[in-house]
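Kindly produce the complete structure, drawing on both the sequences and the hints.
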Amino acid sequence: MKVAVLARMVELRAARRRGQVAEAMLAAGVEDARVEGEAVLLSGRGMLRRWLGDLDLRERVRGGG
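Going by the numbering used here, the sequence shown opens with residue 522, and the numbers climb by one from there.
Since the hints were made in silico from the structure, they are not lab data. We treat Cβ as the ideally placed atom computed from N, Cα and C, and that holds for glycine. Please note that the accuracy of each hint is not assured.
Unchecked claim - What follows is a list of derived Cβ distance ranges for each label pair:
#1 Gly584 with Ala535: 38 to 46 Å
#2 Arg579 with Ala528: 37 to 45 Å
#3 Arg571 with Met522: 37 to 45 Å
#4 Lys523 with Trp572: 42 to 50 Å
#5 Arg555 with Met530: 21 to 29 Å
#6 Val542 with Gly574: 16 to 24 Å
#7 Ser564 with Gln541: 14 to 22 Å
Below is the structure:
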């Protein structure tokens with residue numbers, strides 16, 4: 522295979538993966554997740570909510586909450 526063909530295949534796979542990451546974050550409760558170029562952008566408030574939820578879960582498992 523030519524290098525250009527392989528590069529295109531890798532680019533397509535990476536784009537699919539970024540889409541999957543954005544979808545998973547939305548399913549996890551992040552308010553806004555979108556793909557812009559090579560980045561997956563997530564809302565700060567949604568990320569804070571997820572982080573606090575994870576922290577709450579850890580505290581409950583430890584018996585502190």
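**Q.** Violated hints, by number in ascending order, as checked against the structure
**A.** none
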